[in-house]
Amino acid sequence: MNDDRDGELARWFATRKSAPDPQLFMARVTHALESERRGPRLPAISSLVVMICAAIVAAPYVADTLLALADSGLLAAADTLLRIPRG
Amino acid sequence: LDEAAVVTLAHAGEASAFEELLRRRGSDIRGLLMRLCRGHTQADDLAQETFLQAWRQLGSLKSYAAFGAWLRQIAVNTWLQVQRRTDLLSYTEDVPEVAAHEHLGEQIDLDVALQKLPPAVRLCVVLSHGEGMSHTEVASATGIPLGTVKSHISRGSAKLRELLGAYRPVEEGVPP
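Protein chains in written order, with the working numbering: chain A, 1 to 87; chain B, 1 to 176.
Isolated chain A (complex conformation):
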């Protein structure tokens, strides 16, 4: 039993049941549930995207560096060093 002997407070509560913008709330929670269901795939996908973007941005610099190394003969020197048998 609750304390509302004459039901006055229950009537107050009953007349103010509705919450505003039900569609907006539905859309919001549905979106959150979809994200929940997708789970950890999202971070994996975003990491992959970041890696691809980084590779695209860095590619010209890497190519330039390799060409410069080749020009200076360092690549040939390194290649020679790697071929020295280790005792």
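Read the hints as simulated data drawn from the structure, not as lab findings.
Note that beta-carbon positions come from the ideal geometry of N, C-alpha and C, so glycine has one too.
It cannot be assumed that every hint is accurate.
To be verified - The following label-pair restraints were derived from C-beta to C-beta distances: (1) Leu66/A / Asn77/B: 55 to 65 Å; (2) Val49/A / Lys62/B: 40 to 50 Å; (3) His11/B / Ala59/A: 48 to 58 Å.
Starting from the known structure of chain A, arrange chain B on it as the hints suggest.
Showing chain B alone in chain A's frame:
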């Protein structure tokens, strides 16, 4: 379709079934939390969290027919967690004194009157009068001792009547 059947489908992983439960129960849960929270934004945040928790924990639901009560308990727990985090929940016996006609002429309604109650008192009053729960059920749902629940409801109800008294119709013979 019977709610228990919809819950069964949702339990089996049917996303559209859970969205149907959201459609059916969304308004009730938001209404409950709007009375407990200080603003619609926080209430909607907690309502969203309630449904996300429900989705995650649906496997632990023992009786599909008890989905409504189970969901309401998640909502109350979510609210209590926020209260504990912000250290606002105290089992004080003191209801602050507020003049009944303090905001006469402004748009006062039940939600505003509820905000004048301390959080623990508000929780007990909302669950009792708003959700129709017995004192024992309120004590069980909130973890507040039964005697304290009775005291909170009694004093909180008296304060609400006092605050809402200004809105009684003129035909009762009480001038506004």
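So, going through the hints one by one against the coordinates:
no.: 1; hint: Leu66/A / Asn77/B: 55 to 65 Å; in the structure: holds (60 Å)
no.: 2; hint: Val49/A / Lys62/B: 40 to 50 Å; in the structure: holds (43 Å)
no.: 3; hint: His11/B / Ala59/A: 48 to 58 Å; in the structure: holds (50 Å)
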